[in-house]
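Peer 1: Chain by chain, the residues:
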Amino acid sequence: METLGILGATFGAALAVIGAAFGIGKIGKAAMEAIGRQPEAADKVRTTMIIVAALIEGVALFAVAVCFMAL
Amino acid sequence: MGLLQPESGLLFWMCLAFGVVLFLLCKFGFPIILRSIEERKEYIDSSLEEAGKARQETMHLKEQGRQVMEEAQAQRWKILEDTRAEQEKVAGEMRQKAQQEAAAIIENARAEAQAQKEAILRQANEHIVTLAVAVAQKMLRQQLQDTKAQAELAGRILKEMDDKQN
Amino acid sequence: MEFFRSINKRILALAAMVLLVFFCVVPAGASSGGEGEDVVVKDIVLEHINDSYEWHIGKFWGKHVAIPLPVILYTKEKGLVCFSSSHLHGGHQYNGFAIAQEGDYAGKVVEILPCGSQIRPLDFSITKTVAGLLVNSAIVVLMILGAARYYRRNGKVDSQAPKGWAGLVEMLVESLVDGVIKPCVGPRYRKFAPYLLTAFTFIFVNNIMGIIPIFPAGTNITGNIAATLVLAVATFLVTNLYGTKHYWKEVLWPDVPLWLKAPLPIMPAIEIIGLFTKPFALMIRLFANIMAGHSVILILTCIVFVTVKMGAAVNASMSAVSIFLGIFMNCLELLVAFLQAYVFTMLSSVFIGMAQEGGEHH
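Protein chains in written order, with my numbering: chain E, 10 to 80; chain Y, 1250 to 1415; chain D, 346 to 707.
Since the hints were derived computationally from the structure, they do not count as laboratory data.
Accuracy of the hints is not assured; some may be wrong.
Unchecked claim - In silico negatives: residues of chain Y with every beta carbon more than 10 Å from chain D:
#1 Gln1322
#2 Gly1341
#3 Gln1349
#4 Glu1350
#5 Ala1352
#6 Ala1360
#7 Lys1366
#8 Gln1372
#9 Val1384
#10 Lys1387
#11 Thr1396
#12 Asp1412
What the hints assert, rightly or not - Listed next, the stretches of chain E that the computed footprint assigns to chain D, with coverage defined by at least 3 CB atoms under 8 Å from CB atoms of chain D:
#13 52–59
#14 70–79
The beta-carbon is built from N, C-alpha and C at its ideal position, and this holds for glycine as well.
All chains, please: the whole structure from these sequences, using the hints.
Peer 2: Take a look at the structure:
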């Protein structure tokens, strides 16, 4: 039973990572495109990108924390 | 799970350490640095502004100097021009005066000469007349004993004079 | 381009050579069998990440060198108890206290009652993490107060720009204030700049000191949940204690349709949960990033020792791999050390800025 729990926790972490990676990847893509289109706004775009990425990461970290608790 | 459980002792020390660091840095550290940076920034800004003003002033002064120079140049030219005109005028006047004087002198001389000439001529005429009269008297005394001859001669002379006049 | 191509060729050649040696010698290595003690990677990693009562510096000429640290305990019966952790070394009991070997309190000091059961006393020991924390705090304070002393001495406005240390600190402070704090917090940034800068410096120094493996450094502090918890709580307090009326109105009575808040306070509930999740995310992010970084570096380093049993060739080739990856990870961790301090500061600024907002909704 405990092995199953560990398995579930690791799977959960993996899923959280996939989701976060997907989301942050999309943000990075959008930010790169925005900077490419408007290089003069690079600073603002970067700041906003980090903030949004941090929000997504926050959610993913919640998931990882939950997985940690299940471990 | 163990990793996610904060240890009470560690929490206590962390609160203490971070609190002390926060207190020290917020009291003696960052405000001084921030104030210094800000003051320097303001100082640099005001210095830049002053420098800009000074530069403008200099430009202004330069411009003024240039204008003064130009004015002086123009005045110089004007003075030179005036002088030259004056000179020419004076020279012209002098020349004219001289010419006038010369003309007057010449005129005088000519008038005098004329007068003298006339006087000489008159004197000469008088002399000639006197001489002629004297000669004629003498000749007449000698030759003209008769009236006929006198009349003949007078006629001849008159004729001659007539011819001469024509 | 030429340069990269030549590098690529060299790397390919190296990899081919390593593989060749690997295939030639593997059978010999496999048959020779293992010797020496087993290396359990998990234990090594956990030993670093977890706390301990003595500061283990290393093993020199077969001897473990460790600095014993004071153990400070408080129990109801014995009051405040303070003794050196060297008394507990090797599982010894001292004054009724010992380090539990197993159970819920494994690795922690417990009081062993006469009946044999174990109780965990209130434990204020200067553990390895606490000692490292104190060292790093002293470094932070010296760093910033040293720079501040320069300004106090050369306080004249028209003096030259600072050189050396103060110049470095000034550059850091200026870039943070202009790049993060001013735009994120808004017009009242001056009030919060010292806290945010302190948080940045503290996290940054602790991160960097965590990467350096040599003695006074090398403690895992920002990769410890207690440390990040305190930092996150500090941000939470600063955000909410200085929050404006408008901010609290946005939290308790947000600008949404009435049915979302009137009979059942759905939105207010979500907003109030949001108050706590923001610093919680801050806490977990810093903790997870630093802990994961340390773990990865340790695991990569452990490859060298794990592969000892697999023969010389494997060991050599894997050591090369381990060193390359280790260097790469260390560079990455250097970046992460800065980036996490930066992100913590930036997000704290954003949260504080939200609580400072007067008119518009974010």
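Peer 1: Which earlier hints turn out false for this structure, listed by number in ascending order?
Peer 2: none
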